[in-house]
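Asks: Listed below are the residues making up each chain.
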Amino acid sequence: MASNPFAHVVTKVSGPPSAVDYGADKLLRGVVWGAAAVILLLVAYIVFELGRQAFPAMLEFGPEFIYSTTWDVQAKQFGILPEIWGTLYSSLLALLLGGILGVAIAIFLTQDFLDHRVSNVFRTIVEMLAAIPSVVYGLWGIYVLIPLIRPGANWLHDTLGWFPFFGTSLSGPGMAPAALVLAVMILPTVAAISVDAFKRVPYKVKEAAYGMGTTRWEAILKVMLPSASSGILAALVLGFGRALGETMALAMLIGNSNQISLSLFAPANTLASLLASSFPEAGPIEVQALMYAAIALLAITLLVNIFGLWIMKAATRKFEGR
Amino acid sequence: MNAIAEAETSQAAAWSVDPKDTVMDCRLQKIFYGDFLAVRNSIVPIEKNKITGFIGPSGCGKSTVLRSLNRMNDLIPIFRFEGSVTYHGQDIYDKSIDPVLVRRYIGMVFQQPNPFSMSIYDNVAFGLRLNRYKGNMDERVEKALRSAALWTEVKDKLKNSGLSLSGGQQQRLCIARAVATEPDVLLMDEPCSALDPIATRQVEELMLELKENYSVALVTHNMQQATRVADTTAFFSVDISQGGRTGYLVEMGETRQVFEDPQAQLTKEYVSGEFS
Chain A
1 MASNPFAHVV
11 TKVSGPPSAV
21 DYGADKLLRG
31 VVWGAAAVIL
41 LLVAYIVFEL
51 GRQAFPAMLE
61 FGPEFIYSTT
71 WDVQAKQFGI
81 LPEIWGTLYS
91 SLLALLLGGI
101 LGVAIAIFLT
111 QDFLDHRVSN
121 VFRTIVEMLA
131 AIPSVVYGLW
141 GIYVLIPLIR
151 PGANWLHDTL
161 GWFPFFGTSL
171 SGPGMAPAAL
181 VLAVMILPTV
191 AAISVDAFKR
201 VPYKVKEAAY
211 GMGTTRWEAI
221 LKVMLPSASS
231 GILAALVLGF
241 GRALGETMAL
251 AMLIGNSNQI
261 SLSLFAPANT
271 LASLLASSFP
281 EAGPIEVQAL
291 MYAAIALLAI
301 TLLVNIFGLW
311 IMKAATRKFE
321 GR
Chain B
1 MNAIAEAETS
11 QAAAWSVDPK
21 DTVMDCRLQK
31 IFYGDFLAVR
41 NSIVPIEKNK
51 ITGFIGPSGC
61 GKSTVLRSLN
71 RMNDLIPIFR
81 FEGSVTYHGQ
91 DIYDKSIDPV
101 LVRRYIGMVF
111 QQPNPFSMSI
121 YDNVAFGLRL
131 NRYKGNMDER
141 VEKALRSAAL
151 WTEVKDKLKN
161 SGLSLSGGQQ
171 QRLCIARAVA
181 TEPDVLLMDE
191 PCSALDPIAT
201 RQVEELMLEL
211 KENYSVALVT
221 HNMQQATRVA
231 DTTAFFSVDI
241 SQGGRTGYLV
251 EMGETRQVFE
261 DPQAQLTKEY
271 VSGEFS
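Those protein sequences? They're chains A and B, same order as listed.
Each step along the first sequence adds one to the number in UniProt numbering, with nothing skipped, and position 272 is 272.
Each step along the second sequence adds one to the number in UniProt numbering, with nothing skipped, and position 53 is 53.
The shape of chain A in the complex, shown without the other chains:
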């Protein structure tokens, strides 16, 4: 306990903090430092353990693992380029769809299109999308979405088949249903964080925009969007990260096929889906290869987050001068 050189000062109410106050202060500090340390240790341990288990595969397959395309357990040939492609392709498509829709919903909910109460109800409904379990999305995709989009997809293939995106027909699971479901899954993340970003824009900025004689469209596009840009970018990065790691719905919808195709209707595979579908029956060598694939997924997610942080910083510097 700190010494008190003012103990002789006569006061009516004011006095030094008690021993209990100091104790609680120390305790709180210990708890929060401890919590932070646990998180760091946990991350370090997960990375270490993954690396340890993947190490034999990393030695054996080397960098070829990343850019070769065969996954053949019998021949002991392992390559994850199709899965890396599928992961990035499905996530980018989902980000494009879910991002545009999510930001549009955020604008709709925050820019006085709706009465406050209605907009709160609407927001709750959008956030409830996040509470639906991944496997339910997968089932919905198989039984509702695929039959729903199949006629349109095949019509596109028949009439515009020369266009690479429509290069194959949709027979069942494939990139398009996977990306559509993924877009719905990241929508609540993107929308909720973008809503907060728009709400953080001070009222005086909105006033300034309308005071210049902007229409609502001009105020939103030219003033509100740049003002909320760092928060919206954060929303997109988080949504993209979620799409990269999403497992169950994709394992059910993407077709688990080791091929690289631009076609939206071709089956494909993702890293997370490969891990989930291969682990249960994997032998010791395949497990090592899968651990290696897990490290690749971890690295991609990490790189995406670093890149996202960098973009956010650049946007903050550009727009807010900080």
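In short, the hints are calculated from the structure, not lab data.
Warning: the hint list may mix true and false statements.
Unchecked claim - In silico EDC-like links for lysine to aspartate or glutamate, alpha-carbon gap of 20 Å or less: (1) B:Lys-159 / A:Glu-320; (2) B:Lys-20 / B:Asp-91; (3) B:Lys-20 / B:Glu-212; (4) B:Lys-155 / B:Asp-138; (5) A:Lys-318 / B:Asp-156; (6) A:Lys-204 / B:Asp-74; (7) B:Lys-157 / A:Glu-320; (8) B:Lys-155 / A:Glu-320; (9) B:Lys-134 / A:Glu-218.
Let chain A serve as the given structure and place chain B on it in line with the hints.
Replies: Quick look at chain B alone, frame taken from chain A:
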């Protein structure tokens, strides 16, 4: 007795100006926020190429009246205006008038500096681009920044964000943004309340220059500021007699007359500092 006549009699000395010298004529009967009667019965002409100061105690509605002059209050859903504001012969509260249009002609500087999250240059060019200005943009931006007494401080960092400036610089940036499009009337809502005395002095000098080309309406908390810059002063007070807090115009006249020879007892007490 109709409401306008009532307003005239409730003013100690109805201030009348030759219509050809007024750019705006605000004849408001009632301003409501929901059920709350915020301001009543005030006739406030804004004269051409002059600075019209609005003074009065907190809650007297002077800002509300100012913000009614370019329909800024329309952003508040529960706001309701009864009466008329005539601008070049047209009532701006007429149903056929788009508030966006009104604000293109009647610019505004706010109490808190509110630059946009964009570069200093883009802040000033914002209104020019909005109005699809085709001429020399750089020239206009420089002119606006010069007239806001900010040019020398920012000319080497026009690409920096407007938010990187100090509070006083931000406010002058907002003034530059408002005058860049050369609106007809400039409304200033306590533009110096967030500024230190030096920046305040600069903004006051700027106002005196601006009135050569614009008509200015200025809300101020600072009575010395009103005596320094305003040609005409409107004194508002707040009526708490009927359980509400309703503002109204007590007296309006030439600044010197309002401060040295006030007609109403309330004005006398206020300008001599007996209450505030």
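Asks: Hint by hint, say whether it matches the structure.
Replies: Structure-based check of each hint:
1. B:Lys-159 / A:Glu-320: Given that 20 Å is the threshold and the Cα spacing comes to 12 Å, the pair holds.
2. B:Lys-20 / B:Asp-91: 16 Å, holds
3. B:Lys-20 / B:Glu-212: 17 Å, holds
4. B:Lys-155 / B:Asp-138: 11 Å, holds
5. A:Lys-318 / B:Asp-156: Holds: A:Lys-318 and B:Asp-156 sit about 16 Å apart, inside 20 Å.
6. A:Lys-204 / B:Asp-74: Given that 20 Å is the threshold and the Cα spacing comes to 15 Å, the pair holds.
7. B:Lys-157 / A:Glu-320: 14 Å, holds
8. B:Lys-155 / A:Glu-320: It holds: about 18 Å lies between the C-alpha atoms, which stays within 20 Å.
9. B:Lys-134 / A:Glu-218: 19 Å, holds
Checked against the numbered hints above, the structure violates none of them.
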